[in-house]
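**Student:** We have chain A; now place chain B with the ligand onto it with these hints.
Heads up: the protein sequence lines correspond to chains A and B, in order. With my numbering applied, the first sequence closes on residue 383, and no number is skipped along the way. With my numbering applied, the second sequence closes on residue 1563, and no number is skipped along the way.
Think of the hints as simulated: they come from the structure by calculation, not from any bench. Be aware that one or more of the hints could be misleading.
As the list claims (entries may be wrong) - Here's a subset of chain A near chain B, in silico, CB distances under 10 Å, partners left out:
#1 M268
#2 N269
#3 D306
#4 R314
#5 E373
To be verified - DSS-like mimics (lysine-lysine), calculated; alpha carbons at most 25 Å apart, straight line:
#6 A:K329 - B:K1534
#7 B:K1255 - A:K369
#8 B:K1255 - B:K1265
#9 B:K1536 - A:K285
#10 B:K1419 - B:K1400
Just so it is clear, CB atoms sit at the ideal spot from N, CA and C, and this is done for glycine as well.
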Amino acid sequence: MNAPDRYERFVVPEGTKKVSYERDTKIINAASFTIEREDHTIGNILRMQLHRDPNVLFAGYKLPHPLQYKIIVRIHTTSQSSPMQAYNQSINDLDRELDHLKNAFEAEMAKFSRDY
Amino acid sequence: MEGGVSYARMPRVKIRDLKDDYAKFELRDTDASIANALRRVMIAEVPTIAIDLVEIETNSSVLNDEFIAHRLGLIPLTSQRAMSMRFSRDCDACDGDGQCEYCSVEFHLLVKCMTDQTLDVTSKDLISSDHTVTPVDFVDSSLAEPSDTSTNRGIIIVKLRRGQELKLRAIARKGIGKDHAKWSPAATVTFMYEPEIHINEDLMESLTLEEKKEWVESSPTHVFDIDPVTQQVSVVEPEAYTYDDEVLKKAEAMGKPGLVEINAKQDSFIFTVESTGAIKASQLVLNAIEILKTKLDAVRLSEDTVEADDQFGELGAHLRGG
Ligand SMILES: [Zn+2]
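Next up, chain A with everything else stripped away, as it sits in the complex (with noise of 0.2 Å):
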């Protein structure tokens, strides 16, 4: 059998890094993100995250190939902004989000099985 190890599909395989930048070499303030061992579950929540950002003018990603572990994230923002900031910003405002729906949904477990 010449199939891949599963885990491929998950581990970031020794001296890659998770993730690399590039700066788009026609347009500033634009730059592409490549991100290892990542799918649409990051992909998709860093784009609309992205898209709440009012210096963001651009942000998609793709996921290039199913057999190839990666994604790249596009972002292009105004002058007020860069890629890598807004990049950073979403990732800090996801972050915030989990933690307040994970105390929400505490908080709801704990009224949940006092009321019932």
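**Tutor:** For chain B with the ligand alone, coordinates are given in the frame of chain A:
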């Protein structure tokens, strides 16, 4: 972060029903990307413990060794420990062997049939080395007598006739559904957009009772009903609507377009979570949030990437500025 700007949302949650292996809740003030990410993580990335290696000593049953090994892998094991456990591939205590106490749990099974009565070998025959990791005990809480052992015999692995024997050692490891579905803690995880249904009352009153009945019955699910006294049509169960468009087509066909307006609220979701029993449904949701946070943390830019770009930026400014 500069200026403390934040575009983060503050989602709301309302739990409708919560049992050990079932949860139904409303998730509001967020978007489909978060709802879908949670669903995907619950199915494929929340870890559990499952049998991953089987050494068979004796097998004179009718099923071959690999068939039994596969069946053992699919038995859900109680996995509260999984979140804090190590993956065997990351374990330095046993150096990739994957058989130490930090990353594995050992099971033994020894059954021999000595009578003419067919003997069922079940998940209850698996003897665990760790009392916190055992085959999931399916006790139907709806039964009057949950202690009745005749209805609670575990999961059948194989059946033995007189003289047949099964003896093996199994190693259970931590894993995720992305690797193999046997590690998925989710039986089903679904979400639907909350529907918003508005009936155009004036148009509805222009219908005869017969027409109203005909229209209400055009819905394949029980969404609308007619009040027997006032003969008014009302929405009784909006969530029974399956976005099938049947009532809209019917209204059109009756020459009454706009009789009802149905919208999917883009920021409200109704989740249904069913667990295999490996972890509680509520824990499955909380673990998924935790895993998603860990994943996000892993995709943060590394220090050297930022530095390399800073230098590039200076070089660029230098080239542009002359
Ligand atoms: Zn180990």
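**Student:** Against this structure, judge whether each hint is valid.
**Tutor:** Evaluation of the provided hints:
Because the beta carbon of M268 of chain A sits about 14 Å from the nearest beta carbon in chain B, more than 10 Å, this interface hint is broken. Residue-level restraint check for N269 of chain A is violated (minimum Cβ-Cβ distance to chain B is 19 Å; threshold 10 Å). Given hint, D306 of chain A at the interface with chain B, holds; its Cβ is 8 Å from that chain's nearest Cβ, closer than 10 Å. The beta carbon of R314 of chain A is positioned within 10 Å of a beta carbon in chain B (closest approach about 7 Å), and the interface hint is therefore held.
Residue-level restraint check for E373 of chain A holds (minimum Cβ-Cβ distance to chain B is 7 Å; threshold 10 Å). The hinted pair formed by K329 of chain A and K1534 of chain B meets the criterion: a straight-line CA distance of about 21 Å does not exceed 25 Å. Between the alpha carbons of K1255 of chain B and K369 of chain A the distance comes to roughly 12 Å, so the proposed pair stays at or under 25 Å and holds. Proximity of K1255 of chain B to K1265 of chain B is assessed by CA-CA distance (about 9 Å); at most 25 Å being required, the pair is judged to hold.
Among the hinted pairs, K1536 of chain B with K285 of chain A is consistent with the structure: their alpha-carbon atoms are about 11 Å apart, no more than 25 Å. For the hint linking K1419 of chain B to K1400 of chain B, the alpha-carbon distance of about 31 Å lies beyond 25 Å, and the restraint is violated.
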